[in-house]
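All chains should be built: construct the whole structure from the sequences, respecting the hints.
Chains as they are written, first to last, in my numbering: chain A, 72 to 380; chain B, 38 to 292.
Quick caveat, the hints were computed from the structure, so don't treat them as lab data. Even for Gly, the Cβ is constructed at its ideal location relative to N, Cα and C. Each hint should be verified, as a subset may be incorrect.
[To be verified] Estimated spans, in silico, between C-beta atoms of each pair:
#1 ILE77(A) x THR61(B): 32 to 42 Å
#2 LYS360(A) x ALA245(B): 28 to 38 Å
#3 ASN120(B) x HIS141(A): 43 to 53 Å
#4 LYS91(A) x VAL258(B): 46 to 56 Å
#5 LYS282(A) x ASP279(B): 32 to 42 Å
#6 THR146(B) x HIS141(A): 25 to 35 Å
[To be verified] Within a straight-line C-alpha distance of at most 20 Å, the following computed EDC-like cross-link-like pairs (lysine to aspartate or glutamate) qualify:
#7 LYS87(A) x GLU98(A)
#8 LYS147(B) x ASP247(A)
#9 LYS213(A) x GLU141(B)
#10 LYS360(A) x GLU141(B)
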Amino acid sequence: MASTTIAKMDLDALLKDSSKSPLTILEYIHDHKLHEPAIVLKLGIPLRKANLAPSQLLSVLEQIIIAALHQKKIELASETLTQIKASTGANSLRYRKLLALCLESAGDFEASLGIYNDMLSDNKSNVYALKRKYAILRSQLKDLEARECLNDYLEQNASDAPAWVEMAKSCFEQGDYKGAAFCYEEIVLSSPMDTGVHCTLGELYVTIGGKDNYVLARKHFAQCLELEKGCIRAMFGLVSATESYLDLMECQLSSSGSGKKRGKDSCWDEQDVELVRDLKAYGVEHLIKSYKGTNMSGLVETILSNSEN
Amino acid sequence: MTQTIQFDKTAYAKMMLHATVNSTTAIHGILVGSSNPKGQEQQPQGNDDVLIVLDAIPICHSIPTKPIVDMGLRLTQAHLDHNKIIDNNSSSHDKIIGWYTANERTGDTKIYPMVWKILESIQSFHTDQEKTKTFIPIVARIDSESFEKMLEKKCNVDGDFKGFHVYELPKTVLAQDKNGEEEEEKVKCECLQEGAAGASDNWKNVSALVADACLEDPPVVVYDFENQLEGKVSGLNKMDCDWLRNSQVNKIWEK
Chain A
72 MASTTIAKMD LDALLKDSSK SPLTILEYIH DHKLHEPAIV LKLGIPLRKA NLAPSQLLSV
132 LEQIIIAALH QKKIELASET LTQIKASTGA NSLRYRKLLA LCLESAGDFE ASLGIYNDML
192 SDNKSNVYAL KRKYAILRSQ LKDLEARECL NDYLEQNASD APAWVEMAKS CFEQGDYKGA
252 AFCYEEIVLS SPMDTGVHCT LGELYVTIGG KDNYVLARKH FAQCLELEKG CIRAMFGLVS
312 ATESYLDLME CQLSSSGSGK KRGKDSCWDE QDVELVRDLK AYGVEHLIKS YKGTNMSGLV
372 ETILSNSEN
Chain B
38 MTQTIQFDKT AYAKMMLHAT VNSTTAIHGI LVGSSNPKGQ EQQPQGNDDV LIVLDAIPIC
98 HSIPTKPIVD MGLRLTQAHL DHNKIIDNNS SSHDKIIGWY TANERTGDTK IYPMVWKILE
158 SIQSFHTDQE KTKTFIPIVA RIDSESFEKM LEKKCNVDGD FKGFHVYELP KTVLAQDKNG
218 EEEEEKVKCE CLQEGAAGAS DNWKNVSALV ADACLEDPPV VVYDFENQLE GKVSGLNKMD
278 CDWLRNSQVN KIWEK
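Set out below in structure tokens:
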């Protein structure tokens, strides 16, 4: 984000500098991946008929189309696309991508899907086509097909963390928390220092439930607190995970009928249970301390002290 | 069993503003209200029951997980209990009566399984507390098409295009889950609670004010529990990030 801000500040300086040509500014916007459709259209439209090198002209025309689509100027995009087609022909991959984008903007998703499917039949590793296809299917609420498409993408691009986040979201919506946890396990491999990921993963394991999952959950919350001591979300999560563990234990022990206590015959290891109690106390203590002096401190103390009883 | 639902304008405004502030993600929150008007003794729930939604407490702007929902519900319940103690005039019947939600995608009208599970837990909590009757919680789903029309001020006095629809927890929710295609039955949501504000409180007038608040630049901000958690320890002291009250919403009615 910081580099984008710096790039935008430099863009402002470039715009004020009258010695810089519009082409230079457009190239700067393209190279730094800035989102400035209004500026692109203002500087680019006059260049459509300019005497530029073919590769430069095609780059400018492509930028104009994308900017026009952002500004919902579909007719302008269509005219510019016709100009590109005259130069490159209809079989050019870049032309087909732009055509598909224009069709998407016009709401003709079937036609655009057709183009992306053609691209995929030529090359099933076409990342761009897979992503656009997924975006269309998801926007059309075709969840099953979207998930299959995303699956195909992830089979070839297993290190794409944002794609795993998308898959996790899809799993969440369907109530498939185990699937979502699997996705977040993949994400945590690439971002082991990300507290948000550990927190979400911990919350997922608590949501799924079960003794082993509560143990996994508390590990992730503990890791989150190790990385960021003031993470309140992790503190709440830790209290929730430890409470759930202890409730499950109490429930199972009382339903076993004989009042069998924890011991070497029980699946509830005494040392582990003591550790869980300590972790819960740690979470409670730190939450109460964090909320001290705020307008919610009384409420937090109330709910946490009730949970201790 | 059919309930009559009435919405207080502040609860309505909070839901719409929560959706506006988090327009690109799903949102979830708690509905607080009463199943019996203030001052009346509790009656067994029957066909003429009125469920009044008095407040909306925003919880999160992402998919709700058990720890967040659990802590949100507990804090809300503690807040209601605290209000009963400090305010002798408040209704002793205010309780958590349901959930509100909005899906991430335009045109997505589904109520996802996790929402029904949350409603079931609210129901079992109240059924345990009030053993003489079965409480039927509700869910208010903010509908993208209706919300868009509300922003265009096309809501009429009957509440068409007010921005959301209300559903009761169906008796056979588990069977419906497995069927895939669910037909959730919308519950008619009647006019806003008549109160001190007087006869001008109808859906058309109130939704117009709420639309103005949503379209202000910047809009009236409504905070949720997740905002407080994201603010971390340093953000806890921000008095305006009071997701339990969001009292800044009341300024809408002063205009």
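* **Range hint 25 to 35 Å (beta carbons of THR146(B) and HIS141(A)) holds or violated** => holds (28 Å)
* Does the Cβ-Cβ separation between LYS91(A) and VAL258(B) fall within 46 to 56 Å? -> violated (40 Å)
* Asked: Is the hinted pair LYS213(A) and GLU141(B) satisfied, with a Cα-Cα distance of at most 20 Å?
  -> The given pair, whose Cα atoms are some 14 Å apart, holds under the 20 Å limit.
* Quickly compare the C-alpha distance for LYS87(A) and GLU98(A) to 20 Å and report which way the hint goes. => Holds: LYS87(A) and GLU98(A) sit about 16 Å apart, inside 20 Å.
* Asked: Does the structure keep LYS360(A) and GLU141(B) at a Cα separation of 20 Å or less?
  -> violated (35 Å)
* **Proposed proximity, ASP247(A) with LYS147(B) (alpha carbon, max 20 Å)** => Within the cut-off at roughly 16 Å; holds.
* Asked: Is 32 to 42 Å right for how far apart the beta carbons of ILE77(A) and THR61(B) are?
  -> violated (26 Å)
* To do: Confirm or reject the claim that LYS360(A) and ALA245(B) have a C-beta distance inside 28 to 38 Å.
  => violated (46 Å)
* Hint says 43 to 53 Å; check whether the CB-CB distance for ASN120(B) and HIS141(A) agrees. => Given range 43 to 53 Å: holds, Cβ gap about 48 Å.
* **ASP279(B) and LYS282(A) - C-beta distance against the hinted 32 to 42 Å** => Given about 37 Å between the Cβ atoms, the range holds.
When held up to the earlier numbered hints, the structure conflicts with 1, 2, 4, 10 and fits the remainder.
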